[in-house]
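Engineer: Sequence:
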Amino acid sequence: MSSCRTAILSRIRQALNKRGTPTDIDEAFANLTQQVPSPVQPPLSAGTVEAFSRAAADNGAEMHRIETLEELPGWVATRAAELGQTPSVVVAPQFADTGLQWTAIETLDQVRQATDWGLAWGCAGIAETGTVVSVSRDCPSSSLFLVQRLIVVLDRADIVAYQEEVWDRLRQRFSGRIPRTVNLITGPSRTADVEQQIQIGAHGPKWTDYVIVD
Numbered sequence: 001m002s003s004c005r006t007a008i009l010s011r012i013r014q015a016l017n018k019r020g021t022p023t024d025i026d027e028a029f030a031n032l033t034q035q036v037p038s039p040v041q042p043p044l045s046a047g048t049v050e051a052f053s054r055a056a057a058d059n060g061a062e063m064h065r066i067e068t069l070e071e072l073p074g075w076v077a078t079r080a081a082e083l084g085q086t087p088s089v090v091v092a093p094q095f096a097d098t099g100l101q102w103t104a105i106e107t108l109d110q111v112r113q114a115t116d117w118g119l120a121w122g123c124a125g126i127a128e129t130g131t132v133v134s135v136s137r138d139c140p141s142s143s144l145f146l147v148q149r150l151i152v153v154l155d156r157a158d159i160v161a162y163q164e165e166v167w168d169r170l171r172q173r174f175s176g177r178i179p180r181t182v183n184l185i186t187g188p189s190r191t192a193d194v195e196q197q198i199q200i201g202a203h204g205p206k207w208t209d210y211v212i213v214d
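The letter at position 20 of the sequence shown is residue 20 when you use the UniProt record's numbering, and the numbering goes up by one with no holes.
A hint or two may mislead.
[Unchecked claim] Quick list of the computed label-pair ranges, beta carbon to beta carbon: (1) Trp-102 - Leu-44: 34 to 44 Å; (2) Thr-181 - Ile-8: 19 to 29 Å; (3) Cys-4 - Gln-41: 38 to 48 Å; (4) Ala-77 - Ser-142: 18 to 28 Å; (5) Cys-4 - Ser-88: 18 to 28 Å; (6) Asp-214 - Ser-38: 24 to 34 Å; (7) Leu-9 - Ser-88: 40 to 50 Å; (8) Ala-96 - Gly-201: 23 to 33 Å; (9) Arg-156 - Arg-11: 48 to 58 Å; (10) Pro-93 - Leu-44: 31 to 41 Å; (11) Ala-77 - Ser-10: 55 to 65 Å.
Keep in mind the hints are simulated off the structure, nothing from the lab. We treat Cβ as the ideally placed atom computed from N, Cα and C, and that holds for glycine.
Can you build the whole structure from these sequences, using the hints too?
Structural biologist: Here you go:
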């Protein structure tokens, strides 16, 4: 904690006639965020994976399934061919240690132009809303929002029923210290800023593909 912030908090405590330390503040925050009971959760209309797929499709995402992660490079190349495109694909750092071979497509480590595709590995999928989750430690936000088409890969085991489960998973994974940025992506980008008319892709990807690895 910076000395300026410490001094400000110290003055506030003195004005309130209370004593405290940064550790006390951290503990109080942890108590507030980790001991809140879960809200009422509506039942899902199907199993977790099926409910996620339905909700994501309703949000405009295109759903796909592959059996193993090794199929992913070939799948991306085939997908591009199906759409008649030869995009450059911004591959998230998460894939660096997977040993996957990307010889069939051009890959980038950062976004260069608006027609690029992005490829990220989601840390979770939320069945209730069809949302995928990515954290800043796994994937730069620019790879999620500055590309024309976003492909998010999800392990079947990482699809959960409700958002509350995601926060529990993140606390466990990062020892209680959630990453600075948590991105929740629910289909293609939408806005109604201009004359209340829905525009797709104005502030993010125009198309999204969710690939579930069984």
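Engineer: All hints, please: hold or fail.
Structural biologist: Checked hints:
{"no.": "1", "hint": "Trp-102 - Leu-44: 34 to 44 Å", "in the structure": "holds, 36 Å"}
{"no.": "2", "hint": "Thr-181 - Ile-8: 19 to 29 Å", "in the structure": "holds, 25 Å"}
{"no.": "3", "hint": "Cys-4 - Gln-41: 38 to 48 Å", "in the structure": "holds, 42 Å"}
{"no.": "4", "hint": "Ala-77 - Ser-142: 18 to 28 Å", "in the structure": "holds, 23 Å"}
{"no.": "5", "hint": "Cys-4 - Ser-88: 18 to 28 Å", "in the structure": "violated, 44 Å"}
{"no.": "6", "hint": "Asp-214 - Ser-38: 24 to 34 Å", "in the structure": "holds, 29 Å"}
{"no.": "7", "hint": "Leu-9 - Ser-88: 40 to 50 Å", "in the structure": "holds, 48 Å"}
{"no.": "8", "hint": "Ala-96 - Gly-201: 23 to 33 Å", "in the structure": "holds, 28 Å"}
{"no.": "9", "hint": "Arg-156 - Arg-11: 48 to 58 Å", "in the structure": "holds, 52 Å"}
{"no.": "10", "hint": "Pro-93 - Leu-44: 31 to 41 Å", "in the structure": "holds, 33 Å"}
{"no.": "11", "hint": "Ala-77 - Ser-10: 55 to 65 Å", "in the structure": "holds, 59 Å"}
Checked against the numbered hints above, the structure breaks only hint 5 and satisfies the rest.
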